[in-house]
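Put the two chains together into one complex, using the hints given.
For the record, the sequence lines run as chains G and F.
Following my numbering, the numbering of the first sequence begins with 1 at its first residue and continues without gaps.
Following my numbering, the numbering of the second sequence begins with 1 at its first residue and continues without gaps.
Derived from the structure by calculation, the hints contain no laboratory data.
One or more hints might be untrue.
Listed below are the simulated BS3-like cross-link pairs for lysine-lysine, each with C-alpha atoms no more than 27 Å apart in a straight line [said to hold, decoys possible]:
hint : chain 1 : residue 1 : chain 2 : residue 2
1    : F       : 57        : G       : 42
2    : G       : 42        : F       : 71
3    : F       : 65        : G       : 42
4    : G       : 105       : G       : 71
5    : F       : 57        : G       : 37
These stretches of chain G come out as covered by chain F in the derived footprint (C-beta under 8 Å, 3 or more residues) [claimed, not checked]:
hint : region
6    : 20-34
7    : 39-51
8    : 60-68
If we take Cβ atoms under 8 Å as the criterion, some of the chain F residues that face chain G in the derived model are [unchecked claim]:
hint : residue
9    : 31
10   : 33
11   : 43
12   : 61
13   : 64
14   : 83
15   : 87
16   : 90
C-beta atoms are modelled at their ideal positions from N, C-alpha and C, and glycine is treated no differently.
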Amino acid sequence: GENVEQHPSTLSVQEGDSAVIKCTYSDSASNYFPWYKQELGKRPQLIIDIRSNVGEKKDQRIAVTLNKTAKHFSLHITETQPEDSAVYFCAASTGGGADGLTFGKGTHLIIQP
Amino acid sequence: EAQVTQNPRYLITVTGKKLTVTCSQNMNHEYMSWYRQDPGLGLRQIYYSMNVEVTDKGDVPEGYKVSRKEKRNFPLILESPSPNQTSLYFCASSPGTGGGTEAFFGQGTRLTVV
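Chain F on its own, in the form it takes in the complex (with noise of 0.2 Å):
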């Protein structure tokens, strides 16, 4: 089955400690994206990759890094993480150049920095 899949599904962690996010697509999709969710902010983008090696800033990049190793895999890491990155958050691929066609999004990890 074509998925993207995120892990974990929920994540509670304390300010400080470092935390990834795992995202993998099985579609063979060269772009990837990370996007936060907020109540009345709507999906914004943190970062992106176009392909294997190759990533860049999104609307809102502060305070993550990201890596894309493997076409597959793309982490998001949270090298200190901080009350205001309370989110959910949602990977996607998509196939192409990522901005013309449909994103597919994994089921979603909501984290809690407390």
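Pulled out of the complex, with its shape left as it was, chain G reads as follows (with noise of 0.2 Å):
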């Protein structure tokens, strides 16, 4: 089945500076990855999305890669701020499997005042 490796597992950032944070995966028939943020005690959210026919997508200061011949896929936030503060997950799917999404460990992310 599907692997997705996640790093780094923390990663602490001063505010206003940019996060990028990498996935790996193993099932060269992914194609849709998905990032979701999960706020302290909160449920995770899907923030960003891609599927394998794009190689970048970006909403406002959010933004991912993907580069399907080296199976790794990229979180990558600007100008962050102190609300970006949570823990990151990547996920991978063969994009219509019935075992859905496999996800990385997460990266916690601290932004820095």
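Structure, rendered in structure tokens:
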């Protein structure tokens, strides 16, 4: 089955700086790559996703890039703000398989004032 | 309001006492799943269901049961809970087959087994 590795496990950045979280996946058939944000005590919520026919997708300060050849994808957050502090999970899926999403272990992003 | 609702939010129980965590969604989603979240291990899928009466094991199914008698409900059953099942549990639902679309999560159930 699919295996998703996520790095780093903890990331501390100064407010206003950029943050990058990286994930690799093992199944070359995977074609859907969402990112979820989980604030303390809350449920995970989708913040951005990308499909394998697209190399990059942006939504305001958030962007995701995908390199299918290398089987890795990354989340980029620019101009970080205190409300960006959370745990971020990447995930991968074959996009139609019954087994759904396989998640990475998560990155705890800390925004230092 | 479109949502996934889990109950209870918090539960403390003793080893061996059967319990059920309920999950209900009002979005008419076909796909539902259960995850457990443990520190350093991320979200791991326990069971999933592609439709009524269709369920299958995820990555960590041991010690759990599920049922899908109605489209909106997907309860998680622990027949004989053990301390290693102490965890934060999330139910999720997705349109379609589940893998290629957004998963909507419930608010979570924090279970402690003593």
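Restraint satisfaction for residue 31 (chain F) [CB to CB of chain G, less than 8 Å]:
It holds, given that the least Cβ distance between residue 31 (chain F) and chain G is near 7 Å, below 8 Å.
Under 8 Å is the threshold here; is the Cβ of residue 61 (chain F) close enough to any Cβ of chain G for the hint to stand?
Violated. Min distance 12 Å.
Three or more residues of the region 60-68 of chain G near chain F by CB distance under 8 Å?
Violated: only 0 residues of the region 60-68 of chain G have a Cβ under 8 Å from chain F.
Given that the region 39-51 of chain G was listed as covered by chain F, double-check it with a C-beta distance under 8 Å for 3 or more residues.
holds (count 7)
Is the hinted pair residue 57 (chain F) and residue 37 (chain G) satisfied, with a Cα-Cα distance of at most 27 Å?
Holds. Residue 57 (chain F) to residue 37 (chain G) sits at ~26 Å (cutoff 27 Å).
Is the straight-line distance between the alpha-carbon of residue 65 (chain F) and that of residue 42 (chain G) 27 Å or less?
holds, 25 Å
Are residue 87 (chain F) and chain G close enough, Cβ to Cβ, to be under 8 Å, as the hint says?
The hint is violated - residue 87 (chain F) has no Cβ within 8 Å of chain G, the shortest such distance being about 14 Å.
Less than 8 Å between beta-carbons is the criterion; does residue 33 (chain F) satisfy it with respect to chain G?
Holds - the Cβ of residue 33 (chain F) comes within 8 Å of chain G, reaching about 6 Å at its closest.
Counting residues of the region 20-34 of chain G that have a beta-carbon nearer than 8 Å to any beta-carbon of chain F, does the count reach 3?
holds (count 3)
With the threshold set at 27 Å, check whether the alpha-carbon distance from residue 57 (chain F) to residue 42 (chain G) stays at or below it.
Roughly 26 Å between the alpha carbons, so the hint for residue 57 (chain F) and residue 42 (chain G) holds.
Does residue 43 (chain F) hold up as a contact with chain G if the rule is Cβ-Cβ below 8 Å?
Where the cut-off is 8 Å and the nearest Cβ of chain G is about 4 Å from residue 43 (chain F), the hint holds.
Would the hint on residue 90 (chain F) be counted as holding, given a Cβ-Cβ threshold of 8 Å to chain G?
holds, 7 Å
The structure is inconsistent with the numbered hints 8, 12, 13, 14, 15, although it conforms to all the rest.
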